[in-house]
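Keeping the supplied structure of chain D fixed, place chain H upon it in accordance with the hints.
Protein chains: 2
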Amino acid sequence: MTTTTRVPDLYPSRVADEPRLGDRRDPVLHGEATGALTRYQRDAYQADGFLALSGFFPEEEVRAFQREAERLRASTGLRDREDVITEPESDEIRSIFNIHRTSEVFDRVARDPRILAKVQEVLGGDVYIFQSRVNYKPGFRGKEFYWHSDFETWHVEDGMPRMRAVSCSIALTPNFAHNGPLMLVPGSQHFFLSCVGETPEDHYKESLKRQEYGVPDPEGLEKLIELGGGIRVPTGPAGSLTMFDCNTMHGSASNITPFPRTNLFIVYNSVDNTLGEPFSGQRPRPEFIANRTDEAPLAAAG
Amino acid sequence: MTTTTRVPDLYPSRVADEPRLGDRRDPVLHGEATGALTRYQRDAYQADGFLALSGFFPEEEVRAFQREAERLRASTGLRDREDVITEPESDEIRSIFNIHRTSEVFDRVARDPRILAKVQEVLGGDVYIFQSRVNYKPGFRGKEFYWHSDFETWHVEDGMPRMRAVSCSIALTPNFAHNGPLMLVPGSQHFFLSCVGETPEDHYKESLKRQEYGVPDPEGLEKLIELGGGIRVPTGPAGSLTMFDCNTMHGSASNITPFPRTNLFIVYNSVDNTLGEPFSGQRPRPEFIANRTDEAPLAAAG
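Protein chains in written order, with my numbering: chain D, 1 to 302; chain H, 1 to 302.
Next comes chain D alone, as it looks inside the complex (with noise of 0.2 Å):
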């Protein structure tokens, strides 16, 4: 006889009529120093859940880049895989999920030793990659990504047990204040705010384009705000990175500039952090989105 053991669910969300502001169960430093990140970086992820570093990758690297973005743009055949998510209002595409199997360059990018070795001293240990993408934010139309943390999201839709995962932010264009970027509140990845409502079955079809659920109350969210260090928008050329931790609430405003903002996205979660049953109960959401059948551990690119 077979028994099926449930893990604990130590952040419900989307269950209660009322939003709640809980602390977090999990450290943001999952490892002890080994060199990759400073002393100063290890305080600042510590204190901040994200860590902005300008100007990371040269220019010239950045041009490679930036071409191969071009290039799987306009691409003829991409636009209907089912990885790829198009603008509401336009056939534009918004952006390319499983980026690091569809584009060589990019796997290496996702493989750099330097990325690597700080993502695995933060997540304390190897990691796999859980999603990745490359989002392409147009000028003048470019459309605003509401204030969320995606282990929110990824706890309730994906099942991913704890906070343990760091999102990898690689701008590929110039990151002004004025043409929508990241903005993060720092401290904010100490808390889980709960938020309210069902999730409907399917969700991420829409949730792509337009967050409907999994979204935090305005209260929640000035609270966040007052106890963390208000909002900080990190700008910087292209081939900036910002580290983040998976609960770190974020979102993005509207672009009407003609400056695009284009990134390269790279999540890995720690390799004991591994997918369950979604805690919603409903059925996983594709494997593009939600890595459930390559978890072995990243290998840093040669």
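In silico DSS-like links for lysine-lysine, alpha-carbon gap of 25 Å or less:
#, chain 1, residue 1, chain 2, residue 2
1, D, 223, H, 143
2, D, 143, H, 223
3, D, 143, H, 143
What the simulated footprint calls covered on chain D by chain H, stretch by stretch (three residues with Cβ under 8 Å from a Cβ of chain H suffice, anywhere in the stretch; the number is not a length):
#, stretch
4, 143-151
5, 178-187
6, 217-231
7, 247-254
Quick caveat, the hints were computed from the structure, so don't treat them as lab data. The model shown is predicted, which means the values in this text are computed figures rather than measured ones. Note that the Cβ used here is the ideal one computed from N, Cα and C, for glycine as well.
Only chain H this time, still in chain D's reference frame:
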């Protein structure tokens, strides 16, 4: 026998199939130095098409303005008035027009001697109020306002003949880079970018909520930003004043931060530039948007 003399249309727009970038045919500074503006301020206004005076009103005065804005917003009965505009997806007040007629406090601000003297210097003599309003841009869900030249609309839809008007925006909340602040294209006032497409009748009812006509084309915008000095975003505390030319290209992104953005907006027009028939050939917009009946020279508050 009477003949109708039509004012020549120096700035045709929404008539051709292609947008066109032409030159301004009016001065930016219409008046000689009177001492109201410093030498630097004159030069900056001529160059940029705007002047940002951070913290123009002292805190105590600003608090009185803020109380007045909140009182008006909360007052029942205003919501159904024609000159009060609500958000597209809620009943929240977005703008109260005719504010200098509705509020004694704001009437005095509109006739503030320091502001009036600056405006008179720029416009070269007596002025009247063409339009006035308070704008409430809420936190979390504040909508974007796409790029536009006010003059383009005032010319086509209201029959304003020449570029001889100045807008003053007085911040009643702090302007950060991240809460959907006013963005301007310095130098854009020197050009006239005509727009494509005819204006539908009663366009104003929709345009106050969402713009579809009088929208500059992407290539023209890029050219303006290249010819001018990029994009500038004045930030500052509540009480900051931004004066800008009627033809300076401007817009604002959405506001997902909890920090609302409220401002008092007053448009001064030269008494030598009063409205004629709309150049669109259509019926004039209502009085609360484009004042035609009270064109007497404005007197400074005592």
